[in-house]
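Q: Mind docking chain P on chain L? Use the hints.
There are 2 protein chains.
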Amino acid sequence: MFKQVTIIGFGLIGSSLARAMKQHALAGKIICADMSRDVCEKVLSLQLADEVTTDLAKGVKGSDLVILCVPVGAMSAVADKIAGSLEPGVIVSDVGSVKKEVIKSLAPRLPKKSHLVPAHPIAGTEHSGPEHGFAELFHHRWCIVTPLEDSELQPVEKIVKLWEACGSNIEIMNADHHDLVLGITSHLPHLIAYTIVGTATTLEEDLKGEVIKFSASGFRDFTRIAASDPVMWRDVFLNNKDAVLEVLQRFTEDLTALQKAIRKQDGDYLYQTFKKTRDIRRAIIQAGQAN
Amino acid sequence: MFKQVTIIGFGLIGSSLARAMKQHALAGKIICADMSRDVCEKVLSLQLADEVTTDLAKGVKGSDLVILCVPVGAMSAVADKIAGSLEPGVIVSDVGSVKKEVIKSLAPRLPKKSHLVPAHPIAGTEHSGPEHGFAELFHHRWCIVTPLEDSELQPVEKIVKLWEACGSNIEIMNADHHDLVLGITSHLPHLIAYTIVGTATTLEEDLKGEVIKFSASGFRDFTRIAASDPVMWRDVFLNNKDAVLEVLQRFTEDLTALQKAIRKQDGDYLYQTFKKTRDIRRAIIQAGQAN
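Here the protein sequences line up with chains L and P, keeping their order.
Each residue of the first sequence is one higher than the one before, starting from 37 at the first, in the working numbering.
Each residue of the second sequence is one higher than the one before, starting from 37 at the first, in the working numbering.
Just chain L, same shape as in the assembly (with noise of 0.2 Å):
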């Protein structure tokens, strides 16, 4: 599909596609570039790709694919180092969680002869790093594709083609509205989960230690994506600050008016809420998203 392909950042999005690509034979050649020279040793290490370095400039040339797959608060670093060493007509292409800001980072500093088409898989799990990846990580979930009003049609083509052999299914939307739908599917959630797990680390130690003892009671739930990478998710809330800023105010009405009713005693509005609940979560499991 292509014939050689670089992988800006190899941690577990990064290795998991490459893991994907190698698997299916989709690229003539991976080239691992990673300013981390511990990550491209373990590269080496596990065979994840056929070449790496930590001269990302290095890394694109000769490359019709690049992918960057760092954190979307260094997605404008990366693109100053590498943009004069992309060979005409590339693709370039990401896999942040956030779309507009990528793009305004991304789409000045590229060359005119090169070609953008945002992505963003909707996969992961709370592991960071090479070797927690795996190839079958995308299978069955969506890749969202976001191109930009003036985007060609063949290298997006391409691009959606590239995610469909890796097993996910394909969505496309504007930039704006992927980051309103993400923000509520997914920045408020870990931002919440973040809250209330951090909440519990600054509990007194006896208390703090039974927290973890029955935490199979509800708590746990939460932990799994509090742990998630602490940079990846910094960067997210930074650069889609208004979507989320949105999407809790409305949380937050909503936190109050329970509060309000337990405080008030107000048990009919209680269970009328804790009632609605109940669909959604019917409509998930109809919808192949949990059993």
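Some hints could be false.
Given that identical chains are not distinguished, each listed pair holds provided it fits within a single copy or across any two copies.
In silico SDA-like cross-links for lysine to any residue, where the CA-CA straight-line distance does not exceed 25 Å [to be verified]:
#1 K312 with Q301
#2 K249 with T161
#3 K65 with K78
#4 K296 with E172
These are computed hints drawn from the structure, not numbers from a lab.
These figures come from a predicted structure and were not determined experimentally.
A: Then chain P, alone, in the frame of chain L:
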């Protein structure tokens, strides 16, 4: 272990307990007392009890153990119904998720010659009803027993042995402390999950569809516990008001601090907060409560 046991309320917990008692031959006879004719018929057809009755007073006659498996808000009404029919020396226990208010409801209503031993098996699923119970529900799960100050030793020991026989690990605590610990580990997480899933139910239809479609990105983790029994949870929040409002206050302060950090683009604060929460997940895994 017991000659005759009456389980009042044959939902998920009551029916699972009946199954476990049968499997381990802990009772000579098990009586299902449930005011719902529907539930009684299901219990008969599933052969979960030796006798069924919708008359609670009749149901407790001749039993040396009576366990109330009804929502916390129904405890006092049940106590009023059965008090006059309890045998002298009977042990009365319950499985409520709140202990201080349950003791307040039960203790003054029960006859002097009965022994109240409150307990709380920390186990459950998001499904309700006798058809969803199973004997292994309590395996390797905690059961917290909260004896009263003047509880005699022997009845407490019998309840401990009963739950151990069902596969549970036992923790002894006073009721106040139980309500605080569960307020943090269980009640607050459920309230937050109900809120965030509730916020999603108020979205416009097309956005709601997308939330369901892309729920695997974080939102899904909240929907399981937000699908829990609404009556049970209404009663938990009405009856553990003080502890829940206190931990909710802490949570809200922490959320407000994160909100401010996002607004002010304070990446360092976000990073430091997100970094700490990973350790709690590790501690839970080390404690064998997740993997």
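Q: So, for every hint listed, does it hold in this structure?
A: Hints and how they fare:
no.	hint	in the structure
1	K312 with Q301	within (19 Å within a copy, 35 Å between copies)
2	K249 with T161	both (23 Å within a copy, 18 Å between copies)
3	K65 with K78	within (18 Å within a copy, 63 Å between copies)
4	K296 with E172	neither (46 Å within a copy, 38 Å between copies)
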